[in-house]
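With the sequence shown counted from 1, adding 2 to any position gets you my numbering.
The hints are simulated quantities; they were obtained by calculation from the structure and are not laboratory data.
All residues carry an ideal CB built from backbone N, CA and C; glycine is no exception.
Among these hints, one or two may not hold up.
To be verified - Each computed DMTMM-like pair below joins lysine to aspartate or glutamate, with the alpha-carbon atoms no more than 25 Å apart: (1) Lys92 with Glu35; (2) Lys226 with Glu207; (3) Lys183 with Glu199; (4) Lys183 with Glu232; (5) Lys184 with Glu204; (6) Lys183 with Asp210; (7) Lys47 with Asp76; (8) Lys183 with Glu193.
Stated by the list, open to error - Have a look at the derived ranges for each label pair, beta carbon to beta carbon: (9) Glu39 with Arg79: 20 to 30 Å; (10) Ala101 with Pro211: 45 to 55 Å; (11) Arg83 with Glu35: 35 to 45 Å; (12) Arg83 with Asp231: 42 to 52 Å; (13) Pro209 with Met60: 49 to 59 Å; (14) Glu39 with Ala13: 28 to 38 Å; (15) Ala13 with Arg174: 31 to 41 Å; (16) Trp167 with Asp76: 45 to 55 Å; (17) Ala12 with Glu35: 21 to 31 Å; (18) Pro221 with Ser69: 45 to 55 Å; (19) Gly62 with Pro211: 47 to 57 Å; (20) Ser168 with Arg83: 45 to 55 Å.
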Amino acid sequence: MPVTPESALAALPDGLRSDVVNSFNEIVRNFREHRWEPAELNGGKLCEAIYSVILGYMDGCYPQRSSKPNNIVDSCRALERRSGFPRAIKVQIPRMLLALYEIRNNRGVGHAGGDVDPSRMDATAVLYMSKWLMAELVRFLHELSTEQASILVEGLIEREVAQVWSDGNKRRVLRVGLTWKKQMLLVLLPENGLVSEGRLAEWVEHPDPGRFRRDVLRPAHKEKLIDFDEVNSSIRLLPPGVAEAESLVNSL
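Put together the whole structure using the sequences plus the hints.
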């Protein structure tokens with residue numbers, strides 16, 4: 003059975019899974035809203051949640067919730083001394099956790115006296131380190147490629163788009179004057195899974211399904227903004243499409 007965003011962390015207890023996903027989504031949400039300091043602070047919460055997952059994996063029993071180790075530096079270094087585990091789990095992930103925690107503690111975020119003010123640069127580092135950590139987590143839990151894991155992580159992101167109205171299965175773009183391509187990106191942004199070609203055309207109210215496929219879907223697929231499966235008539239937003247859609251949201 004293929005791994006989906008919904009099943010990516012299904013091996014974890016509900017509480018621990020919520021701690022991981024919620025802290026990750028807080029980082030993404032704060033970054034999108036240009037709230038640099040909260041984005042960085044939540045990096046610490048994600049570190050603690052992922053450390054709890056790694057420790058539980060090594061011990062053979064996951065905790066119900068994440069917890070903060072007394073000394074995360076010593077605790078992460080102790081993981082490196084564990085034998086019988088892949089280097090990604092015992093060395094690379096813990097070392098990335100330490101880099102993320104360092105920004106949270108000593109870059110003017112965690113307490114007074116840091117040597118810099120919270121900034122977009124630091125928050126960007128936190129965002130992409132967090133995405134890497136989440137992808138590695140999904141990758142080793144399911145033995146996936148890095149590309150497959152990255153796509154699943156994008157599917158875990160909760161996105162709210164103010165310019166899109168939703169009522170159950172119906173969506174409408176509220177901003178007038180946008181191209182078909184931009185409308186398509188906006189309505190796809192909140193979606194974590196596949197959307198049928200017919201439903202997408204209905205959401206943007208395109209009058210001609212054939213032209214929609216020819217002029218919008220195929221060019222967007224060629225640009226790697228979406229994955230358009232013409233056999234199954236399904237569409238999924240790809241990471242470059244997510245980036246362009248989020249940039250569009252910010253510009254509006």
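Hints versus structure:
Between lysine 92 and glutamate 35 the alpha-carbon distance is near 34 Å, which puts this suggested pair outside the 25 Å criterion. A threshold of 25 Å between alpha carbons decides the hint, and for lysine 226 with glutamate 207 the separation of about 23 Å falls inside it, so the pair holds. Only pairs whose Cα atoms come within 25 Å are accepted, and lysine 183 paired with glutamate 199 is accepted, the gap being roughly 14 Å. Taken as a hint, the lysine 183 and glutamate 232 pair is honoured in the structure, with Cα atoms around 17 Å apart against an allowance of 25 Å.
Between lysine 184 and glutamate 204, the direct Cα distance comes to roughly 15 Å. Compliance with the 25 Å bound is thereby established for this hinted pair. The suggested pairing of lysine 183 with aspartate 210 holds, with an alpha-carbon distance near 14 Å, which does not exceed 25 Å. Between lysine 47 and aspartate 76 the alpha-carbon distance is near 17 Å, which keeps this suggested pair within the 25 Å criterion. The hinted pair formed by lysine 183 and glutamate 193 meets the criterion: a straight-line CA distance of about 16 Å does not exceed 25 Å.
Judged by the Cβ atoms, the range 20 to 30 Å given for glutamate 39 and arginine 79 holds: they are separated by roughly 28 Å. Between alanine 101 and proline 211 the CB atoms are about 49 Å apart, so this pair conforms to the stated range of 45 to 55 Å. Taking 35 to 45 Å as the suggested C-beta distance range, the pair arginine 83 and glutamate 35 conforms, at roughly 40 Å. Judged by the Cβ atoms, the range 42 to 52 Å given for arginine 83 and aspartate 231 holds: they are separated by roughly 46 Å.
Proline 209 and methionine 60 have their C-beta atoms about 57 Å apart, which keeps the hinted 49 to 59 Å range intact. At roughly 33 Å, the beta-carbon separation of glutamate 39 and alanine 13 lies within the given 28 to 38 Å, and the hint holds. For the pair alanine 13 and arginine 174, the supplied restraint of 31 to 41 Å holds, since their beta-carbon distance comes to about 38 Å. For the hinted restraint 45 to 55 Å between tryptophan 167 and aspartate 76, the CB-CB distance of approximately 51 Å keeps it satisfied.
The hinted window of 21 to 31 Å between alanine 12 and glutamate 35 holds, with their beta carbons roughly 29 Å apart. A hinted range of 45 to 55 Å for the beta carbons of proline 221 and serine 69 is consistent with their spacing of about 49 Å. The supplied range of 47 to 57 Å is met by glycine 62 and proline 211, whose beta-carbon atoms lie about 53 Å from each other. The supplied range of 45 to 55 Å is met by serine 168 and arginine 83, whose beta-carbon atoms lie about 50 Å from each other.
Checked against the numbered hints above, the structure breaks only hint 1 and satisfies the rest.
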